[in-house]
Amino acid sequence: MTTKLHWQTEGQGSDLVLIHGWGMNGAVWQQVLPLLTPYFRVHCVDLPGYGHSASIDSASIEELAHLLLEYSPTAATWVGWSLGGLVATQAALLAPERVNRLVTVASSPKFAADKATSWRGIQPRVLTDFQQQLSNDFRLTIERFMALQAMGSPTARQDIKLLKQAVLSRPQPNPNALSDGLIQLAEVDLREQLAQIQQPWLRMYGRLDGLVPVKIAQELDELAPQSQRQVFAAASHAPFISHPVAFTQALRHFVEAHDD
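Position 246 (the sequence shown) corresponds to 250 in the working numbering; numbering is contiguous.
Treat the hints loosely; a few may be bogus.
[To be verified] Below, a list of computed lysine to aspartate or glutamate pairs in the EDC-like style, where the Cα atoms sit at most 20 Å apart:
| # | residue 1 | residue 2 |
| --- | --- | --- |
| 1 | LYS219 | ASP193 |
| 2 | LYS8 | GLU74 |
| 3 | LYS114 | ASP141 |
| 4 | LYS114 | GLU226 |
| 5 | LYS219 | ASP184 |
| 6 | LYS8 | ASP61 |
| 7 | LYS114 | ASP19 |
| 8 | LYS168 | GLU147 |
| 9 | LYS114 | ASP184 |
| 10 | LYS119 | GLU223 |
| 11 | LYS8 | GLU66 |
| 12 | LYS114 | ASP61 |
| 13 | LYS219 | ASP118 |
| 14 | LYS165 | GLU147 |
| 15 | LYS114 | GLU66 |
| 16 | LYS8 | GLU67 |
| 17 | LYS119 | ASP61 |
| 18 | LYS168 | ASP141 |
| 19 | LYS119 | ASP193 |
| 20 | LYS114 | GLU67 |
| 21 | LYS119 | ASP133 |
| 22 | LYS119 | GLU67 |
Keep in mind the hints are simulated off the structure, nothing from the lab.
None of the values given here were measured: they were computed from a predicted structure.
Construct the entire structure; sequences and hints are all you get.
Below is the structure:
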């Protein structure tokens, strides 16, 4: 990975790193940016294989975390949405002195459901189906995933429209990155490492989320008792899109409460 990642930086204040989810790019944060930039210096990244970083090879979650740490501020609040939450969590584990606050949004340390441990999540067959569909029509596959992300939201149609606008505003994702991302969603499991995270950590959930069941919030209260959670009662998988003001207020309150 010799090509530099695409970053968009604007605003003033303490540093805030925003990491998008599977199939998306950094433009998903455009709607909430004007609410954040008066208070934070915001750094939005296009992950390898996505958006303006589409030509960069995709990588494992740990490699992604190392890569982002290489080009990110020396100390910042890291906000990871969905798959991006895995990357942010991994970075917090690798470099706690760099990730001085962690925020995961509609994310899980293990996205795939696991009958053996009664873990709630995405049914493995759903991820397998997406993997098979990618080779046939990866654009349609992304659109189906967008619909899943908005499912349950009172503003689902508008949420999907905003997600689609974000994806289409930048170069299409690399099919290899999409495939690798689905494998990460199916296989990565950070549950046993969560107790190592000692920096302030806010976990945000949408009560209506069909991909990351809100009930795992209670299980994570036990796996990561040092963290705190916020549940948006009327939100689905993308609360920063459906409820940008409430999302921003919760984020600001968390950062201010843990201001070094």
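Hints versus structure:
With a C-alpha separation of about 17 Å, the suggested pairing of LYS219 with ASP193 holds against the 20 Å cut-off. Only pairs whose Cα atoms come within 20 Å are accepted, and LYS8 paired with GLU74 is accepted, the gap being roughly 10 Å. Proposed proximity of LYS114 and ASP141 is contradicted: the alpha carbons are some 27 Å apart, above 20 Å. A distance of roughly 15 Å separates the Cα atoms of LYS114 and GLU226; the hinted pair therefore holds under the 20 Å criterion.
Using a Cα cut-off of 20 Å, the hinted pair LYS219 and ASP184 is violated, with the two alpha carbons roughly 27 Å apart. About 11 Å separates the Cα atoms of LYS8 and ASP61, which keeps this hinted pair within 20 Å; it holds. Note on LYS114 and ASP19: the hinted pairing is violated, with a Cα-Cα distance of about 27 Å set against a maximum of 20 Å. For the suggested pair LYS168 and GLU147, the alpha carbons sit about 8 Å apart, so the restraint of at most 20 Å is met.
About 15 Å separates the Cα atoms of LYS114 and ASP184, which keeps this hinted pair within 20 Å; it holds. With a C-alpha separation of about 15 Å, the suggested pairing of LYS119 with GLU223 holds against the 20 Å cut-off. Note on LYS8 and GLU66: the hinted pairing holds, with a Cα-Cα distance of about 17 Å set against a maximum of 20 Å. The straight-line distance between the Cα atoms of LYS114 and ASP61 is roughly 23 Å, outside the 20 Å bound, and the hint therefore fails.
Under the criterion of a C-alpha separation no larger than 20 Å, the hint pairing LYS219 with ASP118 is consistent with the structure, at around 14 Å. A C-alpha spacing of about 10 Å is found between LYS165 and GLU147, which places the hinted pair at or below 20 Å, so the restraint holds. For the hint linking LYS114 to GLU66, the alpha-carbon distance of about 15 Å falls within 20 Å, and the restraint holds. For the suggested pair LYS8 and GLU67, the alpha carbons sit about 14 Å apart, so the restraint of at most 20 Å is met.
Using a Cα cut-off of 20 Å, the hinted pair LYS119 and ASP61 is violated, with the two alpha carbons roughly 33 Å apart. Restraint check: the Cα-Cα separation between LYS168 and ASP141 comes to about 16 Å, which is no more than 20 Å; the hinted pair holds. A threshold of 20 Å between alpha carbons decides the hint, and for LYS119 with ASP193 the separation of about 14 Å falls inside it, so the pair holds. About 18 Å separates the Cα atoms of LYS114 and GLU67, which keeps this hinted pair within 20 Å; it holds.
As the CA atoms of LYS119 and ASP133 are separated by approximately 19 Å, the hinted pair is consistent with the 20 Å bound. The straight-line distance between the Cα atoms of LYS119 and GLU67 is roughly 29 Å, outside the 20 Å bound, and the hint therefore fails.
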